[in-house]
Amino acid sequence: MLLSVQGLQKRFGGLVAAKDVSFDLAAGELLAIIGPNGAGKSTTFNMVGGQLRPDTGRVMLAGEDVTGLPPRLVWRKGVGRTFQIAQTFVSMSVVENVQMALISFHERTRDLTADATSLYRTEALAILDGVGLTEMADRSVSELAYGDVKRVELAVALASEPKLLLMDEPTAGMAPRERAQLMELTASIARARKIGVLFTEHDMDAVFGHADRIVVLVRGEIIARGTPEEVRADQRVKQVYLGETGVQAALKARRAAQA
Amino acid sequence: MTDQKFTRRSVVGGMAAAGTLLAAGPGSAQGAPVKVGEINSYSKMAAFAVPYRNGMQLAMEEINKAGGLAGLGGRPLEIIFRDDNSTPGDAVRVAEELLTRENVTFIAGAFLSNVGLALGDFANQKKVLYLGTEPLTDALTMGSGNKYTFRVRANTYMQTKMLVDAAKAKQVKRWAIVAPNYEYGQSAAANFKKLMAAAVPGFEVVTEQFPALGRVDAGATVGAIAQAKPDAIFNVLFGADLTAFVREGNTRGLFEGRQVVSLLTGEPEYILPLGDETPEGWITTGYPPEQITTPAHKAFFDAYKAKFNDTPRLGSLLGYVVGYMIRDLFNKAKSTDTEALVTALEGLTSDSIAGPVVMRAIDHQSTLGAWVGETTLKGKLPTMKNWRYADGKDYLHPEAEVRAVRKG
Amino acid sequence: MDPAFIVVQALSGLANASSLFIISSGLTIVFGVTRIVNFAHGSLYMLGAYLGITIVPRLLDIDRTPTMFFAGVLLAALAVGLIGVLMEVLLLRRIYKVPELFQLLATFGVVLIVQDLVQKIWGPVDIAGPRAPSLRHGIQIMGQRFPAYEMFLLFVGPAVLVLLTLLMQKTRFGVLIRAATQDREMVGALGVNQAMLFTGTLFLGAFLAGLGGALQIPRVPANGHMDLSIITEAFVVTVIGGMGSVPGAFVASLIIGLLQAFGILIFPKITLVLVFLLMAVVLVVKPWGLMGRPEATANRAVLPEGILSLKPFGTGERLVAALVVVALLAVPLMGDAYKTKVGIEILAFALAAFSLNFLVGAGGIVSFGHAAYFGIGAYAAGLLVVGPLKLPMEGALVAAPLAGGLAAALFGYFVVRLSGIYLAMLTLAFAQITYAVFFQWAEVTGGDNGVVGVWPSAWASSRSVYFYVVALLAVAAIVFLRRIIYAPFGYTLRAARDSANRADAIGIDVRTHRWLSFIVAGAAAGLAGGLYAFSKGSIDPTLISIGMSVDFLMMILSGGLQTVMGPLVGAGFFHAIKDFFMPLTDFWRFFLGLSIIVIVLAFPRGLVGAVDAGREALAHRRAG
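Chains as they are written, first to last, in my numbering: chain A, 1160 to 1418; chain B, -10 to 397; chain C, 11 to 634.
No lab work stands behind these hints, which were simulated from the structure alone.
Note that the structure is a prediction, hence the values are computed from the model and not measured.
We put the beta carbon where it would ideally sit given N, CA and C, even for glycine.
Honestly, I wouldn't trust all of these hints.
Mimicking DSS-like on lysine-lysine, the simulated pairs with C-alpha atoms at most 25 Å apart in a straight line are [stated by the list, open to error]:
(1) Lys279/C to Lys182/B
(2) Lys1397/A to Lys1411/A
(3) Lys218/B to Lys183/B
(4) Lys115/B to Lys24/B
(5) Lys396/B to Lys400/C
(6) Lys116/B to Lys374/B
(7) Lys349/C to Lys24/B
(8) Lys349/C to Lys115/B
(9) Lys115/B to Lys400/C
(10) Lys218/B to Lys279/C
(11) Lys400/C to Lys136/B
(12) Lys157/B to Lys182/B
(13) Lys400/C to Lys24/B
(14) Lys400/C to Lys116/B
(15) Lys115/B to Lys323/B
(16) Lys136/B to Lys24/B
(17) Lys323/B to Lys24/B
(18) Lys218/B to Lys157/B
(19) Lys116/B to Lys349/C
(20) Lys183/B to Lys279/C
(21) Lys296/B to Lys349/C
(22) Lys349/C to Lys162/B
(23) Lys1397/A to Lys1178/A
(24) Lys107/C to Lys294/B
If you only want the chain B side, here are some residues facing chain C, beta carbon under 7 Å, derived [said to hold, decoys possible]:
(25) Asn43
(26) Arg71
(27) Thr76
(28) Asn135
(29) Ala201
(30) Gln216
(31) Lys218
(32) Asp220
(33) Gly264
Please model the entire structure based on the sequences and the hints provided.
Written out as structure tokens, the structure is:
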């Protein structure tokens, strides 16, 4: 198993943000965590990514215990991530953002003499090509449309040849058409390179259209898990989260994806 | 270049004007002016530096009207004033500018001790004369003294010794010391302790307070002193700190039944702002200009008042004395060459309005004294009473001490 | 200890705390709403005192009653409030959008202008104010006398706290102030008339500063040094309390007041350093002060205030750089001794400014205390040459960057844990602590007198030779730092500035990297300090003072934060205007302040930034 999360628990004061959260994720698989606001999605996510340390429980990556490691060390183990609000190096060009990731990947961040503008440029351009940003390589990130910024983030996350991608609401703030494009791109890359993808999402099209499996969190607890069909059919999920309209939307999304 | 200088000066106008332009008149000095560069804290310490400059300008005018520098064929004296931004770094740069651009014969001035020390060392390095006027630190003529550096005003040691002489007769033993937390305050406190210990058997210091300069927490400081129950207080605070301290001490009764001995408080610069809060009977060094009736001083007092519509401060007296000292220096040296000036200045006697002033050769400290007396209010005017002029020659550092610490 | 004494000493401390709170509450409110660190708050306090000693005696001439006294105090405070409105309308309103550092610089310009205006209007001599009628006496407390006026002051602070709390809770204006303090963008979104809110806030803040100043007149004479002596303390209070928090300011004032009152009993010489030590400790333990909140990170990508795109030198720039270097080398041959001297100074300052912009421009690490490393370098060099070791200049110049780097390693370890204004304040605290140490440790450092005799070795003693020594080392250091900015190290530093989260998520050890950068910058500043010391022949604490740190900031800001080479132009420019105005008039600070404000308003991107912008506009027109 690529990622194995076992019994994660996190309290903030009196509030239980995550309670006995466990799930597995295989290489090349897309796993979505869904749930209402405040359900503990981001908490769980940040415990996997290293931004938060769990009170109890373990996070195993390819058989190795990475619980409580800081993000930069989790990354070293092969985990790339994107943020709910895209985090990029806004003073740099698109290609420089990816070069930066490559510089870090090759452990040359403390190099005092090399010319950073040309370092790993070819490799970076190849990665940009993979996400369809070749033409924008030399534009400043600050000038891009938000959808493109998200793709830059994806390219940055891919630069370290990760085994696992963590994507926190990858399509938040994007136009519907862009959302679909980004999710398709992610899914195709993940499957082609056998990268596991763990993502949270509010957008039902993205979830039911692309996830292989879904975990439903409510008040810090997993109330359902399974394939999109299973989750859609789950009565409790319908009750506490999706509601009738949500189920309809989920159904539509699934059909559209299969068509 | 000449044009530019002229423009600059006309812009400066009355504020930092070159004396010759003001003093030029028929029958006065003639020939190319002899320039002296004067560096002081005119912007940040204007309360002290501006009266000083006024005194100097007055002297310069009088000298030039009376025929200029006789020893140099009647050439007029020109003093060029420059601000030092109260920092040694700027002062040294300005000194360089005056030497290079204005071709001054030597450098004078400085109010702050660190500026004075930096200029003294600069003078030593560049082999130019530096006549320190206002800095008080002993180091200028002692440990850091050098061949090219001289000082006019009575230093911290001398002024403290004058006070100790006046205070020791009372044989008070339990003392509190309050001094601003920097070199001047610390060395005044140290001098006081050393001199008192020698003069009063059983002398002890029951508390020492060192508030930050300009930021005295007067209530807490007065409380801390009162708590130590001293019989007398040695004060080194001045300026805004002093006013706050006096007010707080008056209200809390700190000074009742206690002798206070206070450095510099009798100088008009510091005593006038105290207004009707001026304490009665503090033993202090200072300068009571309106009470000094020698003809020479009276003439100075009237001329100053007529010109600037103000009574002279200690700075004014000092500037005036220095002005004439410079005249006497040139007249004795009969040259503008640095080595000749240094030789002439060693042992130079100048008959100042305060009395004869000699520049002692072994440490380059002048014997200009100070007035020692008690603080009082005369009507609404804060001033001194029971004063006498303490001639600096009686208070100089002992020659053996000088020889022990001076390198050159 | 005598219990009566403890009570009275505590009351003294609390009376001071009360005054300090009145002033600091205004500063913290203004910061909360406008996010401007108002250096001129101390000037407003000073104006309160001067207006107080002008207005109050006139009223007392009419009728010698406490009513008249306090009417005068309130009038003075209201007048200062109006001056605050004037300042908002004429200046601050135009600079809300410019980078924070520029705002700070503009308010510093106001400080300089007010200093000279006050001197012009009221003269340089301290003016003691009248005492409050009926409050002149001392009250007997447990057998000790305590001033009645201070007893009164004791209650004013809490009264102001209550009134401010009521204002914040019960009035629409107060609710808006609170809302703006918590989320500035929200207020804009609510459609509130921002201009009115800001003007009102400035009135309130200035009123409180003026009130604080006017209330001091029975205790402290109005004098021209009041502004800067209070502003550092007011900063400390607002930072310890948490910026924007009025109750925080209250608690911090109490702590400082009591600590001062009792601290001097145990360590009489601690007065200089006490408040900064406290601030440093609080910030290390609580990075947002006692009652402050973390600054909300912007929810959108905001361009950082610093170096953006890095364009390598084109042919034109290369040519200019080469010409500048050639012109530089010709200075001792063509110019007089003074030009050479100024050249040395500018080179040393340029290196210091460049190293500061390495932190600020590339790293987003805004240091208010860069003079500490400059000064430590200077002292290290000076003390090694003059002290018992009698090292030659060559050795001292090796030691200077080492010392600067070591100090930066020590302080930076704590500094890089913070961000934003709190980080800046911690650098300031460390610089002030360094200043106090060098100021007071007279046996070693010579105290405020400093140390003299710091001259170059014999072979370099000629002005021209030393010029080439400085030129060689400074240019080499600048080229090296510039190289780093273009190297992966510099890119990583910028990455950490642009998005610490993103940097962390691609494996960058953000904290360590910023720490290393801090050390590099400290070392470069140390070298600059060493070079400067040998050009002056002496070292003294002014090299470490706040004034010196502000000068360095002025240099990088007037040159342009966003540009790599801007600080060099800024160093030259800043030196030139000071050099121009200083010999011209005693009131040169007025003109310096005015120049600063003009620069902020006319060239918000600095001089080099303006040239760049002009070139871009030209290129656009050609392309279009």
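Restraint check for lysine 396/B with lysine 400/C, where alpha carbons must lie at most 25 Å apart: holds, 16 Å
Distance restraint between lysine 1397/A and lysine 1178/A, which requires alpha-carbon spacing of 25 Å or less: holds, 21 Å
Hinted pair lysine 349/C and lysine 162/B, Cα distance within 25 Å: Judged against 25 Å, a Cα distance of about 58 Å means the pair is violated.
Pair hint lysine 323/B and lysine 24/B, alpha-carbon separation not exceeding 25 Å: At roughly 14 Å apart (the allowed maximum being 25 Å), lysine 24/B and lysine 323/B satisfy the hint.
Pairwise hint evaluation, lysine 182/B against lysine 157/B, where the allowed Cα distance is 25 Å at most: holds, 12 Å
25 Å Cα cutoff - pair lysine 218/B, lysine 279/C: Between lysine 218/B and lysine 279/C the Cα gap is close to 20 Å, so the pair holds against 25 Å.
25 Å Cα cutoff - pair lysine 115/B, lysine 24/B: Holds: lysine 115/B and lysine 24/B sit about 18 Å apart, inside 25 Å.
Proposed proximity, lysine 183/B with lysine 218/B (alpha carbon, max 25 Å): Cα-Cα ~21 Å, so holds.
Agreement of lysine 400/C and lysine 24/B with the hint, judged by alpha carbon distance not exceeding 25 Å: violated, 38 Å
Restraint check for lysine 116/B with lysine 374/B, where alpha carbons must lie at most 25 Å apart: violated, 44 Å
Given pair status - lysine 349/C, lysine 116/B, alpha carbons within 25 Å: holds, 20 Å
Restraint check for lysine 400/C with lysine 116/B, where alpha carbons must lie at most 25 Å apart: Holds: lysine 400/C and lysine 116/B sit about 22 Å apart, inside 25 Å.
Hints 6, 13, 21, 22, 24, 25, 28, 31 and 32 from the earlier list are contradicted by this structure; the remaining hints agree with it.
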